[in-house]
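Could you build all of it, start to finish, from the sequences and the hints given here?
Per our numbering, the very first residue in the sequence shown carries number 21; after that it's consecutive.
Quick caveat, the hints were computed from the structure, so don't treat them as lab data.
Some hints here could point you the wrong way.
Unchecked claim - Computed list of lysine to any residue pairs in SDA-like fashion (alpha-carbon distance at most 20 angstroms, straight line):
{"id": "1", "residue 1": "Lys-522", "residue 2": "Val-536"}
{"id": "2", "residue 1": "Lys-522", "residue 2": "Ala-453"}
{"id": "3", "residue 1": "Lys-522", "residue 2": "Ser-552"}
{"id": "4", "residue 1": "Lys-793", "residue 2": "Ser-779"}
{"id": "5", "residue 1": "Lys-793", "residue 2": "Thr-701"}
{"id": "6", "residue 1": "Lys-793", "residue 2": "Phe-854"}
{"id": "7", "residue 1": "Lys-522", "residue 2": "Gly-512"}
{"id": "8", "residue 1": "Lys-824", "residue 2": "Thr-838"}
{"id": "9", "residue 1": "Lys-522", "residue 2": "Ser-496"}
{"id": "10", "residue 1": "Lys-424", "residue 2": "Gly-603"}
{"id": "11", "residue 1": "Lys-522", "residue 2": "Ala-434"}
{"id": "12", "residue 1": "Lys-793", "residue 2": "Ala-848"}
{"id": "13", "residue 1": "Lys-424", "residue 2": "Thr-486"}
{"id": "14", "residue 1": "Lys-522", "residue 2": "Thr-486"}
{"id": "15", "residue 1": "Lys-424", "residue 2": "Ser-392"}
{"id": "16", "residue 1": "Lys-424", "residue 2": "Ser-552"}
{"id": "17", "residue 1": "Lys-793", "residue 2": "Thr-837"}
{"id": "18", "residue 1": "Lys-424", "residue 2": "Val-532"}
{"id": "19", "residue 1": "Lys-424", "residue 2": "Thr-401"}
{"id": "20", "residue 1": "Lys-793", "residue 2": "Ser-746"}
{"id": "21", "residue 1": "Lys-824", "residue 2": "Pro-845"}
{"id": "22", "residue 1": "Lys-424", "residue 2": "Ala-453"}
{"id": "23", "residue 1": "Lys-793", "residue 2": "Val-749"}
Stated by the list, open to error - FRET-style restraints, in silico, Cβ to Cβ:
{"id": "24", "residue 1": "Gly-252", "residue 2": "Ala-136", "range": "43 to 49 angstroms"}
{"id": "25", "residue 1": "Pro-371", "residue 2": "Ser-249", "range": "21 to 27 angstroms"}
{"id": "26", "residue 1": "Ser-249", "residue 2": "Ala-335", "range": "21 to 27 angstroms"}
{"id": "27", "residue 1": "Thr-143", "residue 2": "Val-67", "range": "46 to 52 angstroms"}
{"id": "28", "residue 1": "Thr-254", "residue 2": "Thr-466", "range": "52 to 58 angstroms"}
{"id": "29", "residue 1": "Thr-596", "residue 2": "Ala-946", "range": "35 to 41 angstroms"}
{"id": "30", "residue 1": "Ser-389", "residue 2": "Ser-476", "range": "29 to 35 angstroms"}
{"id": "31", "residue 1": "Asn-782", "residue 2": "Ser-894", "range": "24 to 30 angstroms"}
{"id": "32", "residue 1": "Gly-541", "residue 2": "Leu-418", "range": "54 to 60 angstroms"}
{"id": "33", "residue 1": "Ser-698", "residue 2": "Ala-882", "range": "26 to 32 angstroms"}
{"id": "34", "residue 1": "Gly-973", "residue 2": "Ser-1016", "range": "42 to 48 angstroms"}
{"id": "35", "residue 1": "Ala-414", "residue 2": "Ser-476", "range": "22 to 28 angstroms"}
Glycine included, each C-beta is placed from N, C-alpha and C at the ideal position.
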Amino acid sequence: MKISTSTPVTCFLKRSLWLSVSFMMIMLLGSLLGSAQLLQWNTFGNVGTETTEPSVTNNINIAGPVNLTQGTITTASNANRFGGAAWFNTGNSNPSTIANAAAGNDYIQFIVTPNAGFSFTATSFVFSWDRSGTGPANVALRSSADGFASDLGTVTGIVGNSFASNTISISGLTNITVPTTFRLYGYGATATTGTGGFDIATNVVNVQLNGTTASTSTAPLVTTNATPSIIGTTTATLGGNVTGNGGSPITASGVVLSQTAINSVPALGGTGVTNIAGPGTLGAFSVSAGSLAVNTQISYRAYATNAIGTTYGGASGTTFYTHANTPNAPIVNGATASSLDVAIGSGDGNPSPTEYAIQETGSNNYVQSNGSLAASAVWQTASTWGVKTVTGLAAITLYTFQVKARNTATVETAFGSSAGGTTLNAAAPVLTATAIADFGAVCTNTTVGPNSFTISGTNLTASNVTVSTLNGYSFSTDNISYAASLSIGQAGGTFSQLVYVKFNPTLAQSYVGNIVTGGGGASDINVPVTGSGINTVPSVTTGGSSAITQVAATLNGSITADGCSAVTAYGIEYSTVNGFVNGSGTPVPSSNLSLGSFSAGITGLSANSTYYYHATATNAGGTGYGIQQSFTTPGLSAPVATAATAVSSSSFNANWQAVTGADSYRLDVSTSPSFASSNATDLFFSEYVEGSSNNKYIEIYNGTGAAVNLSDYRLQLYANGALTVSSQVTLSGTLSNGSTIVYKNSLATIYGGTATTNSAANYNGDDALALFKISTNNFVDIFGRIGEDPGTNWSGGSNTTLDKTLVRNANVGGGVTTNPGAGFPTLATQWTQFNIDVVSNLGSHAYNAISASFVPGYNNLAVNGLTQAVSGLSSATNYYYRVRAFSTNSISSNSNIINVTTCAVITASAGANGSISPAGPTDACAGGSQSYTITPNACYSIADVLVDGSSVGAVGSYTFTNVSASHTISATFVLSTYTITVTSGANGSVTPAGASTVNCGANATYTITANACYNIADVVVDGLPQ
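Right under this line is the structure:
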């Protein structure tokens, strides 16, 4: 079969169409799911003839499902569509208008009905719409809220077969509580046969009404009853009224209460709050509260709860006081002929603020605050009443008393049980006693006194008068013999006896009590006595301090009173803590007490430290402490540095004397006697020009003291807050000491001096610059802050990096080598600002910086001993060292400065065929001498000896004297030669004849020939016949 070229084209177009539709459906689905949904429909699977389309999803607060229905349009077979034909009617404009559609009922509609108690707010309508070529190209959404009079929104120009997602935003339909009809009118149709409607190509939601729902209910309405209907001592009946449920059923009601002092506004779950549940319904209610505190203010509020929340009756609690308990019977005793003692009975459970009134029942009069009886009730607390002596009573008469109480709100109780007592006969036996003076505070196991009191009696019988036992006291009638109690005989009638009392406490406690005295037929009486046992500690005064050094001091104290027992120990206690707790310091005992004063020496102190101390003394009762005093130890003295030892060409030992109180020492070593240098630490930026247009210049200065090879440096630009280099250039050439080099932007024009173009000079006021040293892999200067974009510029003080010229101050001796933590902190302190385009300072730099100068590794070096090896030095060089003493709180001033010159090095070398001794480098210390011996090998001789490169001849020895600098000595050697002179007598010959030069150790051969007829008679070598 032959396939024409149109076939694949058709297939391609169909595939393209499907891919486009699929993509559109996914986009539509995403749009639909992007909002809160009220209702959703899916028309996929329709045949097109459906007259209703139920919603597939509806909000829980919307009645559903909700059907899509049509107006006057007719159904038409279209797969996956809900819609139809007849969107265009006879007499319509062509194309039809929205007015045509509204008049012809050309719409699809749905009705939204919120559930009871809820409202809805519509925010948007999202849908996919498809049409035939003559179908409705425009749609408009309207609602019954205004009788379908106006558009909520429109979509126009809908393309057929596109399935595009369309959105109509809705406003003005807010918190709707009634059923509302929405109609989507179709217009823009051109023929009755034209079709259109909701359509989709995939099984997804393609029609959706978005919006929100809200409850129309409110929290309940509730009031709290102004007063409890019943109040008891621990109970109350409280109530409220739920006057409205807010449109939501009441789920709980009741009363919350708490003690006002704990929580004056009770609420559910609050501190100290008790919840008493009510009926949980509308209307008035009451609840019973129990277990309340007696005579206590209570705060309470009624509440009610529904689904919306909880409401309380009143912003603050309504209050009331519970009633007081009815009092117990009073206590009545202490009868005399005209008085009785009355006290409030204990144990009635009332709190201390409760007040009481005492009534004498025979007369119905009340006890007054002065002990008399009168008609008006006097209210006082039990503690205020105390034991009240009721006076003005008749002799030999029974008096009965009863008590009532009232709460803080002055609500009274009934009277409690009564109690009574009978006054005595006026002629009855009576004992009285005078008062005893207070014994005061007395040391334990010490007897003091006597004090005394007098017992008097009238109408007594003849029975003995007794004085009963009381702990701590003894009694006597003659101040000679004392006993724990007395029994005194008497004849009756009138009686008087002086009784002596001594006090002997055995414990540190109160000895307040009553001496019970009785007998003679009279009632017992109490004779109050007071005293206390004490066991006091010594009284101590802290004295001054003396003999204070860095490590020791003498501290003084005195004992002004021993206390109740002998002093067994005394001394000083000290600490570094101001106000240290007694007994927490370091104790130092003393043993030199004299006339009450003592001292103690303390050691092991630290220099420049404040110490706090007080005197102490101890007896059997404990330890007494004086008032804290303080002293401060002096700072460390400067060490005395001594001459260096073990001096070599590369090292020496620095030495110094010990300093009292020093924990360690700090050593400085320098090649400068002032330990300072005027040389800069490295190259640095000396001028920065951020001028108009491209006039950018950056100047670098060399103040190091020596010429610098610039190829070891890079100029780097970090633009716009970059952390990595934006542009960098390796420099070239040599920069001599005290000179500058200027780099410029390639388009800079305002400076007429020598300047080198550099691409890193393409900067603005918010860009950082850096000078980077390659050999050390470190920055030697940073301008600005790498990694920070300050906006348009950095600023510091009145200085700014934008449109200004900045010149480095003359006292700056080096660059910024570490990237700042924030901003440009040295801008205000190291630079002087000039106006834009000022370039008159370029090409030179004023410099007068002075900086510390130390041998590397020997700046403030911590040393624990009195000597330190200093190594890595240069030969024949003057060095200086100084030292400081160090402790935790003190650093001394510098010691004297010691100058030491390292030994010179004499380097000896020999060429081939000989030697020099000693060979190699040899230290020769200042002022010393060094001798050398030069020895040639056999058959060689010394050719020359060079000292510091100059010949001293072919000498066999050489001595350096008074050495003050390093030297070199070298020797060269030559082979020794000899001359052999040959002569021959007559009649023969020797060859070679004459004089010949022969190297030492070489052979020379001679031929001796006799003439004809002659023989060799003799050969003589060096005069000797051979």
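Verification of the hints:
1. Lys-522 <-> Val-536: 16 angstroms, holds
2. Lys-522 <-> Ala-453: It holds: about 17 angstroms lies between the C-alpha atoms, which stays within 20 angstroms.
3. Lys-522 <-> Ser-552: Holds, at roughly 13 angstroms.
4. Lys-793 <-> Ser-779: Given pair Lys-793, Ser-779 holds - Cα atoms ~18 angstroms apart, limit 20 angstroms.
5. Lys-793 <-> Thr-701: Holds, at about 12 angstroms.
6. Lys-793 <-> Phe-854: Roughly 29 angstroms between the alpha carbons, so the hint for Lys-793 and Phe-854 is violated.
7. Lys-522 <-> Gly-512: Status violated; Cα separation ~28 angstroms.
8. Lys-824 <-> Thr-838: 24 angstroms, violated
9. Lys-522 <-> Ser-496: 9 angstroms, holds
10. Lys-424 <-> Gly-603: Violated, at roughly 56 angstroms.
11. Lys-522 <-> Ala-434: 50 angstroms, violated
12. Lys-793 <-> Ala-848: Violated. Lys-793 to Ala-848 sits at ~25 angstroms, over the 20 angstroms cutoff.
13. Lys-424 <-> Thr-486: Outside the cut-off at roughly 40 angstroms; violated.
14. Lys-522 <-> Thr-486: Satisfied, since the Cα-Cα distance of roughly 17 angstroms is no more than 20 angstroms.
15. Lys-424 <-> Ser-392: Measuring from Cα to Cα gives roughly 18 angstroms; hence the hint holds.
16. Lys-424 <-> Ser-552: Violated - the C-alpha atoms of Ser-552 and Lys-424 are around 39 angstroms apart, more than 20 angstroms.
17. Lys-793 <-> Thr-837: 10 angstroms, holds
18. Lys-424 <-> Val-532: 33 angstroms, violated
19. Lys-424 <-> Thr-401: 11 angstroms, holds
20. Lys-793 <-> Ser-746: 17 angstroms, holds
21. Lys-824 <-> Pro-845: 17 angstroms, holds
22. Lys-424 <-> Ala-453: 35 angstroms, violated
23. Lys-793 <-> Val-749: 12 angstroms, holds
24. Gly-252 <-> Ala-136: 43 to 49 angstroms: 46 angstroms, holds
25. Pro-371 <-> Ser-249: 21 to 27 angstroms: 24 angstroms, holds
26. Ser-249 <-> Ala-335: 21 to 27 angstroms: 23 angstroms, holds
27. Thr-143 <-> Val-67: 46 to 52 angstroms: Hint violated: Cβ distance 32 angstroms, outside 46 to 52 angstroms.
28. Thr-254 <-> Thr-466: 52 to 58 angstroms: Given a distance of about 54 angstroms, which is inside 52 to 58 angstroms, the answer is holds.
29. Thr-596 <-> Ala-946: 35 to 41 angstroms: 50 angstroms, violated
30. Ser-389 <-> Ser-476: 29 to 35 angstroms: 30 angstroms, holds
31. Asn-782 <-> Ser-894: 24 to 30 angstroms: 44 angstroms, violated
32. Gly-541 <-> Leu-418: 54 to 60 angstroms: 21 angstroms, violated
33. Ser-698 <-> Ala-882: 26 to 32 angstroms: With Cβ atoms ~28 angstroms apart, the hint holds.
34. Gly-973 <-> Ser-1016: 42 to 48 angstroms: About 29 angstroms separates the Cβ atoms of Gly-973 and Ser-1016, which means 42 to 48 angstroms is violated.
35. Ala-414 <-> Ser-476: 22 to 28 angstroms: 24 angstroms, holds
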